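So the sequence lines, in the order shown, correspond to chains A and B.
According to our numbering, the first sequence is numbered sequentially starting from 1.
According to our numbering, the second sequence is numbered sequentially starting from 1.
These aren't lab readings, by the way, just hints derived from the structure by calculation.
Just so you know, these numbers come straight off a predicted model, no measurement behind them.
Don't be surprised by glycine CBs; every beta carbon is placed ideally from N, CA and C.
Worth double-checking, as some hints may not be accurate.
Stated by the list, open to error - Facing chain A, according to a computed beta carbon distance under 10 Å, are these residues of chain B, among others:
| id | residue |
| --- | --- |
| 1 | VAL11 |
| 2 | GLY34 |
| 3 | GLN39 |
| 4 | GLY67 |
| 5 | LEU71 |
| 6 | ASP75 |
| 7 | SER193 |
| 8 | SER208 |
| 9 | CYS236 |
| 10 | PHE239 |
| 11 | ALA243 |
There are 2 protein chains.
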Amino acid sequence: MKDLIAFTRGVPPVETFPNQQLIECAERVISKRGDDILQYGSAAGYGPLREYLAQKYAVEVDRLVIGQGSLELLDLLCRVSLEAGDSVFVEQPTYDRPLVIFRRAQPDFRGFNLCDGQIDIEAVKTILENGTIPKYFYVIPDFQNPNGSVMGLDQRLVLIELAKKYRFLIIEDNPYRHLRYEGTALPSLFELSSDDVIHMSSFSKLLSPGLRIGFMILPKDLSKKMIDFANDTYICPSFLGQAVAVDFFEQGTLDQHIGKLINLYRSRLQALLSALDKHLKGYGEWVRPQGGFFVGLHLSDHIAPIDPELAAKYGLAFSDGRGFFLNGGSRFVRLPFCALTEDQNKQGIERLGEVISASNKD
Amino acid sequence: MKDLIAFTRGVPPVETFPNQQLIECAERVISKRGDDILQYGSAAGYGPLREYLAQKYAVEVDRLVIGQGSLELLDLLCRVSLEAGDSVFVEQPTYDRPLVIFRRAQPDFRGFNLCDGQIDIEAVKTILENGTIPKYFYVIPDFQNPNGSVMGLDQRLVLIELAKKYRFLIIEDNPYRHLRYEGTALPSLFELSSDDVIHMSSFSKLLSPGLRIGFMILPKDLSKKMIDFANDTYICPSFLGQAVAVDFFEQGTLDQHIGKLINLYRSRLQALLSALDKHLKGYGEWVRPQGGFFVGLHLSDHIAPIDPELAAKYGLAFSDGRGFFLNGGSRFVRLPFCALTEDQNKQGIERLGEVISASNKD
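With the sequences and hints as input, model every part of the structure.
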């Protein structure tokens, strides 16, 4: 049996964690601010980190909520604002975990296919014109999970125009934005129109997932509701990780750290893309991401969906593509490349080619 | 205006936090186990802390769930197992926050009065015989929040007998158990019958609230449901605080630390009780706790409820007593003494006597 190459979860590789610096941060924050960090505090998150983010995003601090990862905040948002039957629009494919969270509220879910990485905006307009207005339109505009695509500027502007016209909120989930390996960033939806957009992000991909630090920037009425609900649920989030993070940021080395990540991940992405070109031609389509964690592979209709048991025999593991879709998705394969070496990316795709070839012989 | 003496929240005083030791713990765990702590991990909590607790409580590790405080775990438990109309029994008074959490499920709530600190067990039996069987009976048997009382051994045994007979689960919330200032501990409900009891506790009162570490020990089917739901909600809890805590415990100094807390809190409790004897005789009743964080004062029927505005004029603040009851509670005053100095406890009660005297002149 070959060593397993797991194209499953979008996790960063452990060798990127700045352990030594974090030790120094921990020492500093417990010495200087121990009394605040170790005591109960605000359900909105650790004060200095909140201030730091408010400044960075140029928003009033009471629009910010920091929690144990951004998904927990999305769960809180749903609990305080989403009722059964409320419409929620999503891209298709989209990140699977938010679908699970939204689904708890039993919403009227509508998925809009990504074609060449762009939402089928005519379908959106038709549904809006027919009177189905979402409470939230959840999108991942930069280096989409699981597709790897970037929403074009035109589409960003149209989406905001529609949000204004039909009075819905866009939820922009944007944890990969700063991991751009080439090309130029577009303005975020939040930067384009902060009144129409809830911005959510995290430091799981930029610093460490285990610290569990996510944040959301919302209209004030919603942030207040969420903070009250959080206070009634867990009093306040765990502060030590948040304090370590803001101290790390205050040292001014975040950009340098991200620079290292970018160099590492760029070559891993290139290895993956070269292998796809070499081994999967004719089997499907994929975008060529300029950043992020994922390449989304859409197998062609004449190709059989990947059989997980057969893949396992070749030493491969994948997430079930159907998790990223409201309907369908059996021919979708998410390829997270950051935690795999160049060689693993290369070999993994070579094996994937063999799996496809073996199951499509006849 | 006098300096405010706040008898509001049950928080530990910051001077009890072992900051210097925690710095050493943080340094050690990030050096030795950084790759685990900083990466995504199990939704059940940080592995070594789970193992430590499993050993301490002599249970299989998969019965344990560690989260961002025990309330968040109670919320998860309700979400995976409680449906609208399910009966929930509670002591009355009881900790206000769990009431808020249970209430979200719209349960059929039944409160049982504490008389001299003991549940009105005949009322419980009558309701059970009449066919109302709770899903959960939530109790705080040791140094009850907000009452300060300890459930007698007889009552513990009867409660377990009833749980077995009528097949309900007791939720034993026990964060104060190890803070005993005099007398001898009774066996916990969990120790008496671990199959009938969900044990929940935290390290907020023994180590630090800001680290947000609570845990629950449950029947396996429930812990599995909770862990799956937690994974779908926040992937995993924040590990740094949990790692620091287990490292602190492994140093073997927890008992010594608790010893210090006990010495400090004992004299604060004595100051409070002496002041109650001196200034509140004839105004109400209270238990004389042998530990914990609270003395619950039940004002007599002929005494007017405390007017918060008048109290504020005397430099006093209290939680609203009604929060600790399903019905009533306006004459109940929770007195948390641990974060107040002996002198503040003494002065606070002297002022409270003045407030009562001023509003009951006629």
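To see whether the hints hold, each was checked on the structure:
no.: 1; hint: VAL11; verdict: holds (6 Å)
no.: 2; hint: GLY34; verdict: holds (4 Å)
no.: 3; hint: GLN39; verdict: holds (5 Å)
no.: 4; hint: GLY67; verdict: holds (8 Å)
no.: 5; hint: LEU71; verdict: holds (6 Å)
no.: 6; hint: ASP75; verdict: holds (5 Å)
no.: 7; hint: SER193; verdict: violated (29 Å)
no.: 8; hint: SER208; verdict: holds (4 Å)
no.: 9; hint: CYS236; verdict: holds (7 Å)
no.: 10; hint: PHE239; verdict: holds (4 Å)
no.: 11; hint: ALA243; verdict: holds (9 Å)
In summary, the one numbered hint that this structure violates is 7.
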